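Under my numbering, the first residue of the sequence shown carries the number 358, and numbering increases by one thereafter.
Calculated directly from the structure, the hints in this document are not laboratory data. Source: prediction; values computed, not measured. Check before you lean on any hint, since a few could be wrong.
To be verified - List time: in silico SDA-like cross-link candidates among lysine to any residue, alpha-carbon distance up to 25 Å:
1. Lys578 <-> Phe560
2. Lys408 <-> Phe542
3. Lys578 <-> Ala675
4. Lys430 <-> Leu512
5. Lys578 <-> Lys430
6. Lys578 <-> Ala693
7. Lys578 <-> Trp700
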Amino acid sequence: MSTESLGPPKGSGPLQRREARLAWGMLAPTFLIVALIVALPLAANFWISAKPVELADLRPPEATINERVSGHKVARGETIRITYTLRNSSPNLPVHDAAFTDTFPDAVRLEIDDPRCVLDGGRLDCRFGDLAPRGRERLRLTATALTDIEDVEALLEGTPAIASGEGENALTNLRFTWDNFRRVFDATEFGEVLWTSILYTVFGTAGALVVGLFAALLLDKAFRGRAFLRGLLLFPYVAPVIAVAYTWVGLLDANSGALNAILIQTGAASEAINFLGQRSAGEISLFGMRVEFPLALSTVIVFEAWRYFPLSFLFILARMQSINTEMYEAAEIDGATPFQQFWSLSLPQLAT
Numbered sequence: 358m359s360t361e362s363l364g365p366p367k368g369s370g371p372l373q374r375r376e377a378r379l380a381w382g383m384l385a386p387t388f389l390i391v392a393l394i395v396a397l398p399l400a401a402n403f404w405i406s407a408k409p410v411e412l413a414d415l416r417p418p419e420a421t422i423n424e425r426v427s428g429h430k431v432a433r434g435e436t437i438r439i440t441y442t443l444r445n446s447s448p449n450l451p452v453h454d455a456a457f458t459d460t461f462p463d464a465v466r467l468e469i470d471d472p473r474c475v476l477d478g479g480r481l482d483c484r485f486g487d488l489a490p491r492g493r494e495r496l497r498l499t500a501t502a503l504t505d506i507e508d509v510e511a512l513l514e515g516t517p518a519i520a521s522g523e524g525e526n527a528l529t530n531l532r533f534t535w536d537n538f539r540r541v542f543d544a545t546e547f548g549e550v551l552w553t554s555i556l557y558t559v560f561g562t563a564g565a566l567v568v569g570l571f572a573a574l575l576l577d578k579a580f581r582g583r584a585f586l587r588g589l590l591l592f593p594y595v596a597p598v599i600a601v602a603y604t605w606v607g608l609l610d611a612n613s614g615a616l617n618a619i620l621i622q623t624g625a626a627s628e629a630i631n632f633l634g635q636r637s638a639g640e641i642s643l644f645g646m647r648v649e650f651p652l653a654l655s656t657v658i659v660f661e662a663w664r665y666f667p668l669s670f671l672f673i674l675a676r677m678q679s680i681n682t683e684m685y686e687a688a689e690i691d692g693a694t695p696f697q698q699f700w701s702l703s704l705p706q707l708a709t
């Protein structure tokens, strides 16, 4: 037998290709869900950031019409005055081919003296061309009552005028700009906001990882009530964020918060501390330097670490429970302390 016939088969046969198609087909819903939940909103954020739009431009411009009728009860032969106001709803974009139509009953005869309007039977059709941003066009017409009318407003406004027009959607057109980025970078508080965001992200993530690591070490060994404690440690992550946020606000409140009451009664603080409203708690010495301690930011970071440590706790605990226990037994026989086992065995395994 030649050596070329030995070893695993090379290439892919019909069965492998069919299994590959089945696998991709089973993964397709997952990819679609990820695209809808994560990728598409992220792409939309990048798209909007390069668009010259404001909050008022989120809706495309449209023409709106308002009809006002003077008088209430009119007799035959009396004059009825009608005022139409056509308006562009957008403050930044024009409306093209703005127009409106209205229908009149046989009880009135409309008099047209505006070249922009055409009356065909009882149908009024008026075209105004382009409406500038926030533009208005006002049209005043008169009509004659052919019979006695008890309520002329109800009669004429019973068939409301309909406005039409074409507006460019600022979110879907192909006009892009760097103005949004320039406005952000030129802001005087940009550096401070960026530094605060970096501190919040780094220390919030690090805090969640550290607390999750300690929780995983606590529950790595089997003991009575471990399942209950594990479920209890998941509470910060599964609880509704609005509920836990209000709970924290109540605990940290400067006037009626439980934490401030404990600190004052134990003598740890002489007066109430506004944990969420006080920007700085004074200067502290750090590596020989005097720096301002950001109280409100530190409080939010602590909440962030508490909120998301269960996620890291689950992953770290799952990884630790997959480590071969024979290594720990051998290290214990060799006289390694628990800290040495953690530093030399657990951490390298978690890092891989």
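Unsatisfied constraints (hint numbers, rising):
1 and 5
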